[in-house]
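Asker: One-letter residues, chain by chain:
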Amino acid sequence: MEQPKFEQKEFEPVILAFCCNWCSYAGADLAGTSRFEYPTNVRIIRVMCSGRIDPTFILSAFRWGADGVLITGCHPGDCHYVQGNYMMERRFAFLKEAMNQLGIEPDRLRLEWISAGEGEKFAALIRDTTQRIKQMGPNPLKTA
Amino acid sequence: MISGLSEKKKLAKKTDAAIEAFKTERLRWVLGISQVGLKVDEQKYKAVSSKIMKDEIDRQMIMGEMKEKGPRTIKELSEATKLNTKEVLRHIIALRKIGIVSEAGEKEGGYLYKASE
Amino acid sequence: MSESAVTMKSAGLVVGAGVAGIEAAIKLADQGFTVYLVEKNPSIGGRMAQLSRVFPELDCASNVLTPRMIEAGKHPNVRMLPYSEVKDIRREGDIFKVRILKKPRFVDENRCTGCGVCAQHCPVEIANDFDERIGVRNAIYIPFPNAVPQVYTIDKEHCLRCGLCQNVCMSKAVDFQQRPETIEVEVGAIIIASGFNPFDPRKYEEYSFSRYDNVITGLTLERLLSLSGPTGGHVLRLSDGKIPRKIAFIQCVSPENPKSGKMYCSEVCCMYATKQAELLKELIQGADITIYHAESLRSDEGLEEYYKKARTEYGIKYSKAKITEVVEKPTHNLLIRASTGEAGKLVENEVDMVVLSTGLVPSANDFVDALRLKLDDGGFFEAVDSDSISVQTSTEGVFVVGAAEGPKDIAKSVKQADAAALKASAYLRQLGEVKTTPTRRP
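Residue numbers (our numbering), protein chains in the order written: chain A, 1 to 144; chain B, 1 to 117; chain C, 1 to 442.
The following block holds chain A by itself, in its conformation from the complex (with noise of 0.2 Å):
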């Protein structure tokens, strides 16, 4: 479909969510059969466990052009497999530092803790990421 070249097609963030499957997945869920709205940027990627992901997913992920990485885990101390999330809070304290010499904004990751009760929550923290990555704009490493 060829777009008229006077016309400014708004940014629309392309954000992949990592979620683990026994509290945040859970509460994504629940979002959804709650009917809480958020927008249709995020790609939801369900892990086992935060601490499952590999520090070269997330770089990766950036490589090829998504635009915001979130990362949701259980709240430190309900992890099913009791130390994934601690270990996923420590990667991700190396990652920024990664990003920050990479010249890759480092506010382009984030992580929270979802519990499998907080639909709401899930929702709310949807928006907000692809409000904040929107006025950040494209990653520079977009492919067209």
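Incorrect hints may have been included.
Unchecked claim - Residues on chain A that point at chain B, a partial pick, calculated with CB under 8 Å:
id: 1; residue: Arg-52
id: 2; residue: Pro-55
id: 3; residue: Thr-56
id: 4; residue: Lys-96
id: 5; residue: Glu-97
id: 6; residue: Leu-102
id: 7; residue: Gly-103
Said to hold, decoys possible - Below, computed lysine to any residue pairings styled on SDA-like, alpha-carbon distance capped at 25 Å:
id: 8; chain 1: B; residue 1: Lys-54; chain 2: A; residue 2: Gly-65
id: 9; chain 1: B; residue 1: Lys-23; chain 2: A; residue 2: Thr-56
id: 10; chain 1: B; residue 1: Lys-23; chain 2: A; residue 2: Ser-60
id: 11; chain 1: C; residue 1: Lys-40; chain 2: C; residue 2: Asp-376
id: 12; chain 1: B; residue 1: Lys-54; chain 2: B; residue 2: Leu-38
id: 13; chain 1: B; residue 1: Lys-107; chain 2: C; residue 2: Asp-376
id: 14; chain 1: B; residue 1: Lys-44; chain 2: C; residue 2: Glu-132
id: 15; chain 1: C; residue 1: Lys-374; chain 2: C; residue 2: Val-384
id: 16; chain 1: C; residue 1: Lys-172; chain 2: C; residue 2: Tyr-83
id: 17; chain 1: B; residue 1: Lys-9; chain 2: A; residue 2: Met-48
id: 18; chain 1: A; residue 1: Lys-134; chain 2: B; residue 2: Lys-8
id: 19; chain 1: B; residue 1: Lys-69; chain 2: B; residue 2: Glu-20
id: 20; chain 1: C; residue 1: Lys-412; chain 2: C; residue 2: Tyr-427
id: 21; chain 1: C; residue 1: Lys-259; chain 2: C; residue 2: Arg-298
id: 22; chain 1: B; residue 1: Lys-82; chain 2: A; residue 2: Lys-134
id: 23; chain 1: B; residue 1: Lys-23; chain 2: A; residue 2: Lys-134
id: 24; chain 1: B; residue 1: Lys-44; chain 2: A; residue 2: Pro-106
id: 25; chain 1: B; residue 1: Lys-114; chain 2: C; residue 2: Ile-243
id: 26; chain 1: B; residue 1: Lys-107; chain 2: C; residue 2: Ser-363
id: 27; chain 1: C; residue 1: Lys-156; chain 2: C; residue 2: Glu-85
id: 28; chain 1: C; residue 1: Lys-345; chain 2: C; residue 2: Leu-227
id: 29; chain 1: B; residue 1: Lys-75; chain 2: C; residue 2: Ile-284
id: 30; chain 1: B; residue 1: Lys-54; chain 2: A; residue 2: Lys-134
id: 31; chain 1: C; residue 1: Lys-97; chain 2: C; residue 2: Ser-363
id: 32; chain 1: B; residue 1: Lys-75; chain 2: C; residue 2: Pro-330
id: 33; chain 1: B; residue 1: Lys-69; chain 2: A; residue 2: Ala-93
id: 34; chain 1: C; residue 1: Lys-320; chain 2: C; residue 2: Arg-298
Simulated from the structure, these hints should not be mistaken for laboratory data.
Quantities reported herein were computed from a predicted structural model and do not represent experimental measurements.
Glycine included, every Cβ here is placed at the ideal spot set by N, Cα and C.
On the provided structure of chain A, position chains B and C as indicated by the hints.
Answerer: Here is chains B and C on its own, set in the frame of chain A:
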């Protein structure tokens, strides 16, 4: 827009280097010890681990350059990676010690270095 | 190790295991005496292990030194105590009671095979002192490839306690619980061979040593020239890796005598600078080398011939001048300003690299006061006998050899070590109670 394209290319290369760096045992192990409990104080760990991460990313960039373009001088590596020549030399010395870089002749008043087979 | 089987009067202590200490220990041990060879570094070998090639034949230093190191290590009468320091010496009659601190390596030396897998995995990287901080090592390390003993050491200050070395060690040699050990020995004679440190050239601000990357010391150049060094024997500038072609040596970088205000002559610098200049001429095509000396070149047996050969066969230039300033240009080249002594005459020379031929200063010792040993104005242990090779200190039964007695070259140090071993042996025999026989060497 040519400069924009080459800026993107440079960032892509650097990100590729970062991905490779996070695959190395060295960086993964250092990151890992913070996840299972540190036996040294937090500040010392932070300083050392930040340096290791920076070094590994820079070294992957240097290796990437040599693998892509063949034997390079320190000056050429410095221009391609935007690291200053003193830094590049320090990395070459370290990479040489573990055997993944070796000399490959002379060019323009400096030595050529290549990724060892 | 049962020490009660050895009577103190048939035992000697050698402090420092550089080339002189090793020689003295072997020679004394050959005479049948038990010798405690104490060395503060993880390996024996001392400063000579850092050298590339040695004057005058330009033999490879480690080719000459390594066999001696191995011999000292496996001599039946030598008790090698590496990574240890002499903390206290008390005299009781004829006996010296020595307290030695054995520092913890955190590696069990009986289990470590020296395979090096631990260092391959250690994530911590540090600039290593052996390579004058140009090269790198890990937190678990061996100071140089042919170290004796071939045992790794963990540098506690930089270790992250990550445990990867412990995981990969197939001999289960890593032991984080290791503690320092105190060893008490009794000996009849002591030979001090504690060596030297290079003089810190920052004392002379005009040479801009710590300011500019391309102003280096002679010892750093040795590491660059070494085939086993950080650059594999390729000499390059530390600012940008370029091959230096115009090189200037600045001699007479030694401390001043506080009493006379005159500079000490460290004896070996003119010779080693000439040696290095010759090696550079062979290594770098079109090398243009000038050796600047504020005082007259040291003249000694054979040296005049050596300088002449350097001038005529190698084209090395000598210039009697006092360097007043070293300034860096944007290219990282260095501009040298010198005064030749003629009224108002200043010369300028732009070079790629400057080498400061630093002199020798004594290395620190904890036990000097304990023995009440006399030091000379330069801080070196004074030899008070008037023999042609003097080794006797102001205290009976205590001898001094090598650079610890004053700056000297390797050949002189070895001769002194032989003399001291002989004198110590004679001294021990006249103390009586010698329960040993000379050991036959294969």
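Asker: Below or equal to 25 Å on CA atoms is what counts here, so check B/Lys-75 against C/Pro-330.
Answerer: Distance of about 15 Å is within 25 Å: holds.
Asker: Given A/Arg-52 was flagged as interface, is its beta-carbon under 8 Å from a beta-carbon of chain B?
Answerer: With Cβ-Cβ at 13 Å, over 8 Å, it is violated.
Asker: Given the hinted pair C/Lys-259 and C/Arg-298, is their alpha-carbon gap at most 25 Å?
Answerer: Measuring from Cα to Cα gives roughly 22 Å; hence the hint holds.
Asker: For the hint on A/Thr-56, does the least C-beta distance to chain B fall short of 8 Å?
Answerer: holds (5 Å)
Asker: Take a quick look at whether C/Lys-374 and C/Val-384 sit within 25 Å of each other, Cα to Cα.
Answerer: holds (9 Å)
Asker: Grab the minimum C-beta distance from A/Glu-97 to chain B and call the hint holds if it beats 8 Å, violated otherwise.
Answerer: holds (6 Å)
Asker: Sort out whether A/Thr-56 lies within 25 Å of B/Lys-23, counting only the CA atoms.
Answerer: holds (7 Å)
Asker: A/Lys-134 and B/Lys-8: Cα distance at most 25 Å?
Answerer: Roughly 20 Å separates the two Cα atoms, so the pair holds.
Asker: Is the straight-line distance between the alpha-carbon of B/Lys-114 and that of C/Ile-243 25 Å or less?
Answerer: Distance of about 17 Å is within 25 Å: holds.
Asker: For the pair supplied as a hint, B/Lys-23 and A/Lys-134, confirm whether the alpha-carbon distance does not exceed 25 Å.
Answerer: violated (31 Å)
Asker: For a C-alpha distance cap of 25 Å, please report whether B/Lys-82 and A/Lys-134 respect it.
Answerer: violated (30 Å)
Asker: Do the alpha carbons of C/Lys-320 and C/Arg-298 lie within 25 Å of each other, as the hint requires?
Answerer: Given pair C/Lys-320, C/Arg-298 holds - Cα atoms ~12 Å apart, limit 25 Å.
The structure is inconsistent with the numbered hints 1, 4, 13, 17, 22, 23, 26, 28, 30, 33, although it conforms to all the rest.
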